[in-house]
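2 protein chains.
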Amino acid sequence: MTAKTWAYEDFVEGTSLDLGTKLVSAAEIIEFAREFDAQPMHLDEEAGKASILGGGLAASGWHTCAMFMRMLCDAFLLDSTCQGAPGVDQVKWKKPVLAGDQLTGSLVVVAKRLSKSKPQLGFVTMRSELFNQRGENVFELENSVMFLTREAAGSLA
Amino acid sequence: MTAKTWAYEDFVEGTSLDLGTKLVSAAEIIEFAREFDAQPMHLDEEAGKASILGGGLAASGWHTCAMFMRMLCDAFLLDSTCQGAPGVDQVKWKKPVLAGDQLTGSLVVVAKRLSKSKPQLGFVTMRSELFNQRGENVFELENSVMFLTREAAGSLA
Numbered sequence: 004m005t006a007k008t009w010a011y012e013d014f015v016e017g018t019s020l021d022l023g024t025k026l027v028s029a030a031e032i033i034e035f036a037r038e039f040d041a042q043p044m045h046l047d048e049e050a051g052k053a054s055i056l057g058g059g060l061a062a063s064g065w066h067t068c069a070m071f072m073r074m075l076c077d078a079f080l081l082d083s084t085c086q087g088a089p090g091v092d093q094v095k096w097k098k099p100v101l102a103g104d105q106l107t108g109s110l111v112v113v114a115k116r117l118s119k120s121k122p123q124l125g126f127v128t129m130r131s132e133l134f135n136q137r138g139e140n141v142f143e144l145e146n147s148v149m150f151l152t153r154e155a156a157g158s159l160a
Numbered sequence: 004m005t006a007k008t009w010a011y012e013d014f015v016e017g018t019s020l021d022l023g024t025k026l027v028s029a030a031e032i033i034e035f036a037r038e039f040d041a042q043p044m045h046l047d048e049e050a051g052k053a054s055i056l057g058g059g060l061a062a063s064g065w066h067t068c069a070m071f072m073r074m075l076c077d078a079f080l081l082d083s084t085c086q087g088a089p090g091v092d093q094v095k096w097k098k099p100v101l102a103g104d105q106l107t108g109s110l111v112v113v114a115k116r117l118s119k120s121k122p123q124l125g126f127v128t129m130r131s132e133l134f135n136q137r138g139e140n141v142f143e144l145e146n147s148v149m150f151l152t153r154e155a156a157g158s159l160a
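Sequence lines, in order, name chains Y and L.
One rule links them: number in the working numbering = place in the first sequence (from 1) + 3.
One rule links them: number in the working numbering = place in the second sequence (from 1) + 3.
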């Protein structure tokens, strides 16, 4: 048996999981943008206001993805038998994520199935959402994540 | 007229664009993982080899997305009238991106259309790919990116 709390068997279709909260700072928005996505609205408050996004200094959409991943890790993924994911089915950047925003997240287990070629592995399809402090849905993501079964994780440990 | 080289009008369906190259270092894989995706295969060479990904120290899939975005920025996006993107239609992490890999990228303009509600804005649908130094396709992404028309960008500048 694995010591991890979450194995493939522990995900139940239709249930939801809390992803906690994340306060987004101007400094981290700018740091991410400088390295990966140096568009003006991700580097400068005034440029953000002037852009069609409006509002102010706005996080790169990829930064929002990365912050979501950190929330997922902290909520349960690092205490799971996760083996990564083959990709992402859909990302929606629905509203700007702005400096000072407090994000909260949740996900719903949409479906699950064992791999046909690797029976020690299962795919868990998750639909995740992030909301800002005004309750606005700013981000949606759907993808399938791979988890070892509890038995397989135990035999590999 | 805008001083930017790339406005909505400059994207032609069916043409491809070179995204240059990117050498992926172990240090940056680990730095990204510590902040956003601290799964063992993204932090440690041996854990990477032991995972179902195999191979060695493997970049977080979100890190690959971020590196792709940087390549896109350097190739043309920072010299364009880009106004962001509403989301991503599909991401495929097809093979692990490993420390020491040299990525090359390209994209094809799949489709384009002017916005119905905002005629100064158009959507350009792009299908992008990254390859490693062995010519293996490691990453695919498809999404629609918003660009101002040349006339609108000039009047806003």
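Fair warning: there could be bad hints in the mix.
Intra- or inter-copy, both count: the list cannot distinguish identical chains.
Restricting the straight-line Cα-Cα distance to at most 16 Å, the calculated cross-link-like pairs of lysine to aspartate or glutamate (EDC-like) are [said to hold, decoys possible]:
hint, residue 1, residue 2
1, 52, 34
2, 7, 47
3, 97, 47
4, 7, 154
5, 7, 92
6, 115, 34
7, 95, 145
8, 25, 77
9, 95, 132
Don't read these hints as lab results, they were simulated from the structure.
We went through each hint and held it up to the structure:
no., hint, in the structure
1, 52 x 34, "neither (19 Å within a copy, 31 Å between copies)"
2, 7 x 47, "neither (42 Å within a copy, 19 Å between copies)"
3, 97 x 47, "neither (20 Å within a copy, 35 Å between copies)"
4, 7 x 154, "within (12 Å within a copy, 57 Å between copies)"
5, 7 x 92, "neither (27 Å within a copy, 32 Å between copies)"
6, 115 x 34, "neither (37 Å within a copy, 32 Å between copies)"
7, 95 x 145, "both (9 Å within a copy, 13 Å between copies)"
8, 25 x 77, "within (11 Å within a copy, 30 Å between copies)"
9, 95 x 132, "within (9 Å within a copy, 20 Å between copies)"
Violated hints for the displayed structure, listed by number in ascending order: 1, 2, 3, 5 and 6.
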